[in-house]
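Numbering (mature numbering (1 follows the signal peptide of the UniProt record, and there is no 0)), first residue to last: -18 to -1, 1 to 207.
Don't read these hints as lab results, they were simulated from the structure. Treat the numbers as computed from the prediction; the structure is a model and nothing was measured. Certain hints may be false.
[What the hints assert, rightly or not] Label pairs and their computed distance ranges (CB to CB):
#, residue 1, residue 2, range
1, 158, 21, 49 to 59 Å
2, 192, 23, 44 to 54 Å
3, 55, 130, 48 to 58 Å
4, 21, 110, 25 to 35 Å
5, 24, 192, 48 to 58 Å
For each residue, glycine too, the CB sits at the ideal point set by N, CA and C.
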Amino acid sequence: MVFFHISLFLTLSIASNAAPVPGPIEYSCWSCGEEKFTNGSSYSTALDNLLATLITNAPVTGFFQSSVQSAELTLYGLLQCRQDMSRDSCDQCARDIGQAVKSRCSSSLGAKIQLYGCFLRYENHPFFSVLDESLLCLNCSSIASSPGYDDNLKSALATLSRRGSSFTATVGSGKSQVFVLGECRGDLSSQQCDSCVRVAMRNMTDRCIGNTSGSILLNSCYTRF
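Input sequences plus hints: build the corresponding full structure.
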């Protein structure tokens, strides 16, 4: 924010939505596992415990990963907030995303969901520190860019500066000014992060060039402009 799709692992069906809603939930994207568990089962209890742990701890540093063991299996999950968010905003987003994943992926054995300011994933198999550059969601604005904007976007993407697991760049001024943000999941190495952001930026410029804004979520990183 990785996903194995073989034998005992999950096959995921992808749904996405982009719509403004109250609070930090301005854009959401989710993928829910097709396999379901029974409410009240040990898995259900483990998921509740995992979500509570992630929601409580993620706002402290902006990223937290954990695992919870039940009688049947071990559940793995992580929650990450955008690096420029305050602790209070991260806390709000974490609580919102906990509610959203239960609403949109109710009883799913695995889920990935992104709100505007945070990302949550849980699975019944290990995925920490594993790179996956496959596309989860893409959103391009319907507003055409102004003269010079596309050139500035390309320049911004070429001059990204990294700070930890976050990349930023700003090029131009006025209506043609472009701001680019890229972030990787906090469990990835620098090399994995570099690779994922490059793939995301390439996808975004290929598909969103000519628009004033766009965002793309791969399974291991997120970028927007």
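Inset, instruction - Against the structure, test the hints numbered earlier, and report the numbers of the ones violated in rising order. - result: Going through the list in order, the structure violates no hint and respects every one.
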